[in-house]
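Visitor: So the chains spell out like this:
Protein chains: 2
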Amino acid sequence: MPAPDDEALARPFAGRRRLESLDALFAPRSIAIVGASQDPRKIGGRPLAFLKRYGYPGAIYPINPQYPEVQGVPAFSSLGACPAPPEQVIVALPAQKVPAVVAEAAAIGAKTAVVFSSGFGEAGAEGKALQQRLVAVIGDGGLRVLGPNCIGVMNVRERSYGTFQLALESGTAPAGGIGVAVQSGAMGSHLLTVCRNAGIGLGCWAATGNEADIDVADVIAWMARDPGTRVIICCLEACGDAARFRAALALARAARKPVVVLKIGASEVGKAAAASHTGMLAGNDAVFDAVLRQEGALRVESLEALVEIAYVADHAAQRGFPPDRAARGRLGVVTLSGGVGVLLADVAAKVGLTLPELPRDAQRAILDLVPFAGARNPIDSTAQVNVSPELLDKCLDIALKNGDFDFLVLFITGVPYSRDLGSIYLRMLGRARRRYPETLMVMCAIAPGAYRRRVERAGCLYIEDPTRAGIALGALKAIADLHRGAPPAAPALRAEDYPPIPRAAIDETGAKRILAAVGIPVMSERLVTSAEDAAAAAAEIGFPVAMKIVSPDIAHKTEIGGVMLDVASADEARRGYERLRAAAAEKAPAARVSGVAIAPMASEGVETILGVVQDPVFGPVVMFGLGGVFVETLRDVTFRAAPFGREEAIRMIGEVKGAALLRGTRGRPPADVDALADALAALSRLAAARRDDFAAIDINPFLVRREGRGAVALDALIVPQGI
Amino acid sequence: MPAPDDEALARPFAGRRRLESLDALFAPRSIAIVGASQDPRKIGGRPLAFLKRYGYPGAIYPINPQYPEVQGVPAFSSLGACPAPPEQVIVALPAQKVPAVVAEAAAIGAKTAVVFSSGFGEAGAEGKALQQRLVAVIGDGGLRVLGPNCIGVMNVRERSYGTFQLALESGTAPAGGIGVAVQSGAMGSHLLTVCRNAGIGLGCWAATGNEADIDVADVIAWMARDPGTRVIICCLEACGDAARFRAALALARAARKPVVVLKIGASEVGKAAAASHTGMLAGNDAVFDAVLRQEGALRVESLEALVEIAYVADHAAQRGFPPDRAARGRLGVVTLSGGVGVLLADVAAKVGLTLPELPRDAQRAILDLVPFAGARNPIDSTAQVNVSPELLDKCLDIALKNGDFDFLVLFITGVPYSRDLGSIYLRMLGRARRRYPETLMVMCAIAPGAYRRRVERAGCLYIEDPTRAGIALGALKAIADLHRGAPPAAPALRAEDYPPIPRAAIDETGAKRILAAVGIPVMSERLVTSAEDAAAAAAEIGFPVAMKIVSPDIAHKTEIGGVMLDVASADEARRGYERLRAAAAEKAPAARVSGVAIAPMASEGVETILGVVQDPVFGPVVMFGLGGVFVETLRDVTFRAAPFGREEAIRMIGEVKGAALLRGTRGRPPADVDALADALAALSRLAAARRDDFAAIDINPFLVRREGRGAVALDALIVPQGI
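From first to last, the protein sequence lines are chains A and B.
If you read the first sequence in the numbering used here, its first letter stands for residue 1, the second for the next number, and so on.
If you read the second sequence in the numbering used here, its first letter stands for residue 1, the second for the next number, and so on.
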């Protein structure tokens with residue numbers, strides 16, 4: 001695998017958007033609070049209260065002309081009056097006053113401003129105008145602005161709290177390696193509270209609100225480079241700058257940091273609600289889903305899954321658990337309950353982990369200890385071990401010594417409530433952990449909070465529900481798979497290296513010419529303009545032939561009777577020509593007809609559909625599906641943002657349910673997937689290079705022949721832009 | 001809907017298996033403990049300790065010849081020495097001593113025995129023999145036995161504890177309406193602990209262990225009739241008596257009690273582990289899945305989902321929430337966070353709930369209060385309400401007054417940690433609950449345990465994670481849908497009313513004759529035995545025709561070249577006859593050939609596949625799928641245990657992914673689904689009536705024509721039993 005070119009990936013974060021420009025957001029050496037309040041429960045009072053309570057080590061400058069001190073901290077009358085320019089300026093003022101303060105912050109050389117104030121883009125026409133004024137004030141200068149309408153930023157590791165979120169009144173999370181990048185403050189606050197209650201460590205945390213300047217992409221990209229961040233979780237409603245968002249994910253993948261994403265707005269109602277909430281386009285959810293995969297991010301569907309997977313991934317990263325082992329995914333299960341062992345085997349199968357059978361002699365050794373144990377894996381040591389705990393210790397050791405496991409789950413249900421046994425089992429797991437450090441271990445149990453902490457101190461994960469434990473470990477494997485073979489940064493495509501797409505109607509022959517020019521195989525065909533030429537061309541090609549009307553104005557030829565198949569003789573070809581012209585004249589009298597195309601009848605193969613659509617968020621997006629019922633009845637299609645290479649195309653092909661048909665089934669030979677992948681990649685390059693020149697491309701059918709025999713476009717349609 | 005005939009459903013629970021025979025399992029008036037121990041932490045000591053600790057009101061008889069008292073309770077030297085025959089006898093003795101004690105219990109007139117002892121069916125050949133002895137001792141008498149190798153039974157409402165599970169040492173669950181029927185003791189114990197920690201109320205609880213007598217079906221059936229049980233949750237590894245299991249589910253459905261099932265052993269490893277663990281057949285998981293649906297049970301995939309759905313369903317049942325409203329599924333969402341509103345809209349769409357838009361004037365009223373609120377539904381009252389809580393109160397009221405909601409979710413994230421606001425929001429929800437009692441309400445928040453209790457006392461549900469809240473409400477709808485139109489008990493089918501299936505090879509003509517006799521339309525065809533007859537028959541039918549070799553020994557005719565389609569003339573038919581005979585003679589020289597069948601060429605339609613397989617658990621099971629790639633590539637099939645009616649067949653048809661093809665797509669007319677459903681139902685009756693006479697039936701293809709034009713079997717195969 002070629003090393004991803006980090007600098008190329010970071011290119012969208014250049015100039016004032018360079019990643020270091022957020023250093024003062026997440027690790028400011030001094031913080032001013034404009035609108036600082038004496039009341040620690042008011043929005044302007046909370047950040048100060050939190051900074052004091054959680055021990056922020058830098059300088060704090062409350063700005064309030066009315067008091068010499070605010071909450072006991074010496075206050076200043078204005079930003080300019082501070083003894084030194086603050087690196088971070090928190091703005092807790094009514095919206096109207098914000099632009100002037102931000103301008104002042106920029107003028108004194110502050111590096112970042114955090115604007116809590118609402119009443120901007122989210123607040124009607126007037127608010128939108130005010131946000132535009134704010135954007136103008138920010139301009140091209142060096143000051144980076146978070147918000148407006150955001151609940152702020154924090155970094156638990158740096159004890160820096162530029163936020164007014166209520167959740168912090170009841171405590172903060174422990175310091176740790178999980179970074180949180182969200183748009184919605186409430187979702188971010190929810191995540192903080194869940195982590196705090198579960199004792200899961202957080203690092204940087206930012207809610208981007210209206211994203212007048214800093215957006216989620218900036219935050220993810222910064223975290224990708226931040227040595228303290230090991231895992232990034234992200235809640236997203238809509239995406240402002242798709243290119244930067246993708247680059248940020250690519251940076252995280254290059255740094256081998258898992259990004260787990262909760263992307264909302266998939267449903268129609270959800271999309272409408274998201275659009276009205278954020279004012280941003282939601283795009284096609286299936287496309288968003290595909291792009292997340294393409295960039296190596298894992299998508300989940302709940303806030304609790306975000307936290308749980310981050311918990312496991314952070315643990316794995318912290319102890320240097322190799323992604324290759326996660327990808328291998330060999331799971332050992334040791335339980336006191338046959339039933340839960342079976343449950344875990346079922347979950348494992350679903351998430352792609354394997355439960356390899358223990359070698360025979362290891363099984364025999366277990367059965368020698370516990371005669372009626374389940375010894376294959378899952379290993380059911382039976383409830384007998386509650387009477388003789390040393391048996392479990394031995395079973396565990398035999399399993400780990402012989403199973404070559406990447407993951408181990410030990411299920412002991414509510415036993416931790418029994419103090420003696422709970423401690424005994426914990427010591428066992430701790431010993432196993434030390435003896436077999438290469439295996440990632442999960443204690444699956446119901447336990448008081450203190451026990452959970454003890455499990456973690458022993459270097460193991462604690463997850464109460466066995467199904468969840470399986471899902472979380474499956475997510476680790478999924479992340480490793482997504483990170484595998486990360487593509488090198490896409491080379492910049494120069495439009496002029498690709499055939500131009502005219503801004504005028506294009507007939508089939510013209511479309512095929514363009515596709516052929518970028519290396520997509522098309523069915524060779526002859527365009528004729530008389531019945532005699534038709535007969536001659538058909539004879540030359542060899543019967544039977546296919547005949548089709550060619551017109552830039554007729555997109556769906558079959559519907560007007562413009563296609564004839566299995567034409568078997570010169571005479572039929574001659575008559576066919578007349579018939580096709582007559583059909584066009586009758587059904588589409590206004591259409592310009594270029595002539596009739598004569599082509600060999602296609603031989604056997606799997607019919608597929610290749611297409612390009614323009615996504616409102618991600619621009620040109622390549623679609624792939626199998627023909628017939630797969631697309632029409634099952635909507636079994638998949639997407640990738642253009643451009644991409646052959647490897648990504650192969651991943652893409654594997655995602656459709658009908659992919660088995662290409663692999664060959666029921667005596668059918670496997671299809672030429674390489675040729676198909678090459679065509680998809682070529683199409684994606686054309687689509688990216690000429691992104692502004694077309695509205696849609698459709699290759700249907702694209703016939704994929706058996707392995708080694710290539711593939712061919714039988715029909716093609718390019719809809720130019722703006723006509 | 002005809003009322004289900006409860007008595008018919010209860011028929012499998014007659015004689016010694018009559019439901020009342022378990023009264024003494026769940027509500028014994030006296031309990032003896034054979035092997036009672038002074039040590040409250042030993043297996044023989046725990047039940048006594050629990051009965052004392054949790055206040056069992058009945059008589060307790062510790063049986064121990066060594067002491068006058070055990071744990072302070074007067075003890076007796078034998079069962080016979082008790083002052084009155086105990087209703088329940090707990091047996092905590094080594095396996096070898098169990099049969100004699102069970103015999104004694106029967107002799108003195110005890111009603112039920114609970115055998116903790118292991119070393120029976122789960123323990124090799126010797127154990128199996130011992131279990132057989134135990135079964136023989138139980139015989140046909142009135143004593144019902146739970147176990148052996150089980151951790152027992154309890155009833156929190158009756159304060160009855162015939163169990164030694166460790167979990168009870170740290171406390172029991174509150175009394176409530178959820179019944180727990182499990183095979184695995186550890187899974188049951190896990191469920192108890194989860195419920196206890198969450199304060200969720202339990203009623204009856206039984207772990208059936210080896211099921212020498214009482215099985216999960218008995219337990220579910222008893223709970224179906226128990227007035228105190230409102231919801232039943234069940235963990236199942238394998239099913240001993242399929243007919244009784246199905247009858248038990250039917251009884252619960254007739255009583256409108258939700259049954260939520262965690263059925264494990266779906267994966268190959270899981271199935272192998274389950275089989276070795278329980279010694280019972282696991283059967284085909286897809287069939288099990290279908291039968292659960294057929295009997296109205298909801299299947300879930302985790303222990304925590306079992307508990308959470310039971311929690312919600314019990315709440316709904318307790319307050320008399322009508323299933324019709326659950327089935328309607330109109331969800332209102334009110335949040336402090338636009339993002340979480342969108343998340344809930346997404347989840348709702350996935351689980352089949354709708355978020356109807358509020359009427360325009362209601363939206364306007366909300367916007368008058370909070371100018372930049374989301375007012376359609378989800379209703380995002382914005383974080384502004386944390387400053388002016390009365391606004392939320394008004395928004396909530398407008399939403400509930402105008403939304404006609406069946407469900408409401410109020411999301412307030414971690415606000416309950418802020419004491420004042422938490423209490424204010426709780427009072428609001430309580431008022432809304434009183435004002436709009438017909439809407440089922442969920443508070444979605446992160447809160448200290450005490451707050452959860454307050455939410456519940458206010459008559460609302462508490463669920464922390466919004467995705468889970470949506471899933472749990474979706475499950476309520478799913479249960480209502482599953483219970484809708486419960487079928488009347490199937491009439492007993494008399495084999496003699498159905499055509500016999502010979503125990504000898506059956507050719508296509510013979511198979512079609514049997515199918516036609518039960519009302520399944522088959523393509524009319526003529527069997528001929530000479531070339532001349534072939535030509536004459538073909539001419540009579542009208543060209544083109546199809547011709548097929550007919551032989552009881554050739555199951556797959558196409559593979560030997562035994563089928564000719566589109567035969568267009570008498571001459572072709574004549575030559576065709578000879579060709580088919582020659583093909584058979586060459587490729588299958590040993591086959592007996594009945595002749596050649598001549599049939600009209602089938603007209604257009606959707607090709608489907610109907611079949612019957614013998615499931616090791618459920619017996620004859622009807623399979624349905626669409627032809628071509630649907631079955632071959634996508635394995636898109638569904639099942640139902642035979643017999644069933646037309647309504648069930650229609651549900652079945654709707655379950656395959658390709659069903660859209662039958663509904664008509666892209667200008668295709670809808671297919672005759674009624675004719676298809678009738679054929680499936682007819683096939684299911686034949687399969688049930690003649691269940692012992694065949695190994696498999698295959699109707700492939702079964703051509704379904706457009707609506708109103710019927711359907712027809714083009715080919716059929718019946719594999720007789722045991723040849």
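Bear in mind the hints are in silico, worked out from the structure with no lab data behind them.
Note that the structure is predicted; figures quoted are calculated from it, not measured.
Be a bit skeptical, because a hint or two may be false.
Chain B regions said to be covered by chain A (calculated; three or more residues, Cβ under 8 Å) [claimed, not checked]: (1) 369-376; (2) 392-406.
Taking beta-carbon pairs under 8 Å as the criterion, some of the chain A residues facing chain B (in silico) [to be verified]: (3) R29; (4) R457; (5) D465; (6) V656.
Listing some non-contacts, in silico: residues in chain B with all C-beta distances to chain A over 10 Å [what the hints assert, rightly or not]: (7) G58; (8) G124; (9) E169; (10) G338; (11) K350; (12) P359; (13) D361; (14) Y417; (15) R435; (16) A660.
Heads up, the beta-carbon is just placed ideally off N, CA and C, and yes, glycines get one too.
Visitor: Which of the listed hints are broken here?
Guide: 2, 3, 4, 6, 8, 9, 10, 11, 14 and 16
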